[in-house]
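All chains should be modelled from the sequences, with the hints used to inform the complete structure.
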Amino acid sequence: VNIKDIKTFLHVCKIIHNKFPDATFYIIGSTYEEPDYFDECQLLASLLGISSVVKFTGHVNVSDYYGFLDVIVLTSLSEGQPYVINEANSLGIPIVATDVGACRELLEGRIPEDRALGTSGIVAEVGNPESVANGVIKLLENKKLYDHCAATGIERNNRYYTQEEMVSQYLNVYERYF
602 VNIKDIKTFL
612 HVCKIIHNKF
622 PDATFYIIGS
632 TYEEPDYFDE
642 CQLLASLLGI
652 SSVVKFTGHV
662 NVSDYYGFLD
672 VIVLTSLSEG
682 QPYVINEANS
692 LGIPIVATDV
702 GACRELLEGR
712 IPEDRALGTS
722 GIVAEVGNPE
732 SVANGVIKLL
742 ENKKLYDHCA
752 ATGIERNNRY
762 YTQEEMVSQY
772 LNVYERYF
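Numbers in the working numbering are just positions in the sequence shown, counted from 1, shifted up by 601.
DSS-like, lysine-lysine: derived pairs with alpha carbons at most 27 angstroms apart: (1) K615 - K656; (2) K620 - K744; (3) K608 - K656; (4) K739 - K656.
Because the hints were derived from the structure by calculation, they are not lab data. Keep in mind it's a predicted model, so treat the numbers as computed, not measured.
If you want it as structure tokens, here you go:
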């Protein structure tokens, strides 16, 4: 859908493909909610010459893909608290996400103790393919950073995003307002 800014992601794919020609890119999610946008994205992939390395999966069980993905990329124009970042963190998959909604706090930490863990990914500029692609390339070329982000994501989720912690946060907010 348009709000996920798949067109920017396709430009990211082109940049990364130029550097890593064997890379494959999966766009996971529904293709029928905005059919005109999906058609435009397919056309753009073709125009960029990357149709053979970009896979539009349609609606699938995302957990079937996590086992072989190296980096999760989120190019959204708007988000709340994207669960995909929590999911990737829990599995130790580094993330590059645009600076919208709660993406920064999920990657860099919400409170001082959480921020002290470090980052579990890279925050990129909204609508900027070079910024997003540079984040992905940085992770792929720097094993130490990649491993740190992977370990930090797991630790962050284990400490701050357990079911108990999330319920506690919800109750604190609820009590404050009601």
